[in-house]
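What follows is each chain in one-letter form.
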Amino acid sequence: MADKSGVSRRDLFQIASVPTLAAAAMAAHAEPPVTQTAAYQRKVFNDQEWRAVRVLCDLIVPADEHSGSATQAGVPEFIDDWLDFRKQEDGNDDLAAQVLGGLAWLDRESLRLFQKDFAGAAVSQQKQILDRIAWPSRAADEDKRWAAFFSKFRDLTLNGFYTSKIGISDLPYLGNMAVPEWKGCDPAVWAKIEERLKNGYKGLGGDVKPWQA
Amino acid sequence: MVAMAQVRATPKTYDVVVVGSGAGGGVAAHVLSLAGAKVCMLEAGGWYDGTKQSAMFKWPYNAPHRGAGTKEKPFGYFDATLLGGWQVPGEPYTNAGGSDWRWWRARMLGGRTNHYGRISLRMGPYDFKPYSRDGKGFDWPITYEDLAPYYDKAEELIGVFGTHEGLENTPDGKFLPAPAPRGYERLVKMACDKLKIPCIPSRLAILTRPIHGRPACHYCAQCGRACGVNANFNSPGVHIFPAMKTGNLDVRTDAMVRAVVTGPDGLARGVSYIDKKTRNEITVSAKIVVLAASCCETARILLNSKSSQFPNGVANSSGQVGRYLMDTVGADVGGYLPILEDLPPRNEDGVGGMHMYMPWWNYGEQKAGKMPFARGYHIEFGGGRGMPNPGDFGGSEEILGGGYGVELKRQLRRAYGAFVGFAGRGEMIPNADSYCDLDPDKVDQWGIPVLRFHFKWSQDEILQAKHMQDTFKEIITTAGGKYFTGGSAENNWGISRGGEIIHEVGAVRMGSDPQTSALNQYCQAWDCKNVFVTDAAPFVSNADKNPTLTISALGWRTSEYIAEQVKKRNLAA
Chain A
1 MADKSGVSRR DLFQIASVPT LAAAAMAAHA EPPVTQTAAY QRKVFNDQEW
51 RAVRVLCDLI VPADEHSGSA TQAGVPEFID DWLDFRKQED GNDDLAAQVL
101 GGLAWLDRES LRLFQKDFAG AAVSQQKQIL DRIAWPSRAA DEDKRWAAFF
151 SKFRDLTLNG FYTSKIGISD LPYLGNMAVP EWKGCDPAVW AKIEERLKNG
201 YKGLGGDVKP WQA
Chain B
1 MVAMAQVRAT PKTYDVVVVG SGAGGGVAAH VLSLAGAKVC MLEAGGWYDG
51 TKQSAMFKWP YNAPHRGAGT KEKPFGYFDA TLLGGWQVPG EPYTNAGGSD
101 WRWWRARMLG GRTNHYGRIS LRMGPYDFKP YSRDGKGFDW PITYEDLAPY
151 YDKAEELIGV FGTHEGLENT PDGKFLPAPA PRGYERLVKM ACDKLKIPCI
201 PSRLAILTRP IHGRPACHYC AQCGRACGVN ANFNSPGVHI FPAMKTGNLD
251 VRTDAMVRAV VTGPDGLARG VSYIDKKTRN EITVSAKIVV LAASCCETAR
301 ILLNSKSSQF PNGVANSSGQ VGRYLMDTVG ADVGGYLPIL EDLPPRNEDG
351 VGGMHMYMPW WNYGEQKAGK MPFARGYHIE FGGGRGMPNP GDFGGSEEIL
401 GGGYGVELKR QLRRAYGAFV GFAGRGEMIP NADSYCDLDP DKVDQWGIPV
451 LRFHFKWSQD EILQAKHMQD TFKEIITTAG GKYFTGGSAE NNWGISRGGE
501 IIHEVGAVRM GSDPQTSALN QYCQAWDCKN VFVTDAAPFV SNADKNPTLT
551 ISALGWRTSE YIAEQVKKRN LAA
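Sequences listed follow chains A and B, in order. First residue of the first sequence: 1, per the working numbering; consecutive thereafter. First residue of the second sequence: 1, per the working numbering; consecutive thereafter.
Bound conformation, chain A alone (with noise of 0.2 Å):
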């Protein structure tokens, strides 16, 4: 550092050549697009596990008009992986049994409304099962355990869709990326929290009150 201000006229140049060297960097550390790789081996699932996985991924998940759904987004086989994972870390399965325990029943009460297997079942059917348990606060006692599978297998629909390229996109998170120049928070961003501040703001999270000056 030369001078008082502590940047020096090398430093200068140094500035005004950073979009440089950040795209420089990015080239030398991006990672080559992604290819689709050789056909999923699963480790968990069975067949039939695995028609369910594919309907309930997507029944939490569906495509919209923002993204695909989370079978495109290749979240059974990320939910396949994860649960066998899971085993070889934890030292146990508990969490590959609750999911299917949890798929077991989804067939099994399918069959005794509809006689069908779930995946089989319509849509309106599959709905009418998933209604009593995806809420856990309204779930009748003796679904009560259905109710924490189904929370448990929204997780990790959602921790496998939000981590693929499909669901980054959809939230959108737009960072990992070199950035010439940091700005702070984006003048729009705050003037809508300042106007929430002053008028309040009805959240999915709770009411929030006008903040006294």
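Where chain B lies over chain A, by a calculated footprint (3+ residues, C-beta under 8 Å):
# : segment
1 : 59-70
2 : 180-186
3 : 194-202
Here are some of the chain A residues that sit facing chain B, going by a computed Cβ distance under 10 Å:
#  : residue
4  : Ala73
5  : Ala134
6  : Phe150
7  : Arg154
8  : Leu158
9  : Ile168
10 : Gly175
11 : Val189
12 : Asp207
In short, the hints are calculated from the structure, not lab data. Where a beta carbon is used, it is the ideal one built from N, C-alpha and C, also for glycine.
Once you've looked at the hints, dock chain B against the given chain A.
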């Protein structure tokens, strides 16, 4: 890098051998080799150069299990720590009954400086004299004024951003400009203003301007993966590689040091290490030995350096080696702030860490006896629209109530970016129940006796954790949010396990009395004058200011002292 397998046949005597290549070993090797000394650095792990090996810009879907943490890579697949973690294969440690200490080791060139949080806080004047202030713990043999010039030097070399605030016991430094805060950070500051908690720009060792030929940060937030362009502080890129250019520094990797070797005159002759590749034991001859193997590993080497002259190990005539081991107090609370929902999507990455933090603010109340615990903590917080990781989307029903389908996707798009997590990092007071010694039975795969840990928090730390929990809940509630915590009276307010914050310090403490300390005020062994320590082992207390910057400053001061003593011929070289 510099292989010297023939060392036995043609023994070369170095001026200095430095054990360890992290913040403490790096600064010693840097200062001493630039001063003209012939230096040999020994690192127990492998070679590492972040500019070639960083996982910068990779995506979760580029990694097995989307980059999730494993036993081998606890901080995730892309973390810079190539070999290391809570367990190192073939290198165990033990806990005495009732203790639950965790010991993180990074076996690689640069050690933990490759992945750490880069938080760079100076200890303040009170922090060097804590006993004088409240009657607990011990005073350091030096003052803030003794170390201040070395904080200056360390900051100017490694590059630290921050702002001048003039706050009590929170010294300002030689700062690069601080990056502007993110949206959620500005909002949290407003909540803190209401509560009269100071919230100021953080102080991190990340370049916001180019210095010393290193470019400025490009704001990808991935410092923990090591920086591909050397824009953050890491010992290889900042200390070691520039020192190697002098021609005075040889670096040997996979060199697991067992003991300090001493001669009949009671002085060190060098160190003995196991070459992990050949399993041969090799002795490096040196006129001066600098230990910076990390706090506990340095204590282990000294305890294992037994001879007829040093029956309890080198530097241990007082029996102090291993004593008064400390970590940082940690507790955390998560928050969901609805006011941050559904904001216009923007890149909120910034630097690899927080742009704002809260230094301790209750010095006056503590001095007046109005607080139920003795020492302070600072608050770290993070949130915003960060890179998604597996685990981030668990428990959505806690906020949304549940659901599935297109409506759930819509809600998650709104909720993403509204989570903010708070973590306290507080001072632990040294106590007689927290120490390490040699396990009487166990050895590692290199035949070196391993450490056994003994650890206890006191009520000061537990009540501090409670205060953290209460404060974080208050900040979240003030910002109109909902908090999530597992902390309660039953689990001591969620206080971290000893060692878990990876701020272990002490165990070879400095002092002004050879009866009650292992090292003098220059971190020189009282009983073996050519042995020095430059990691965090000499620390007498563990202020809430993260240890790395103080390791750098104290190591610099010790290294300058070594160079002066050689010049004055008080030490051979």
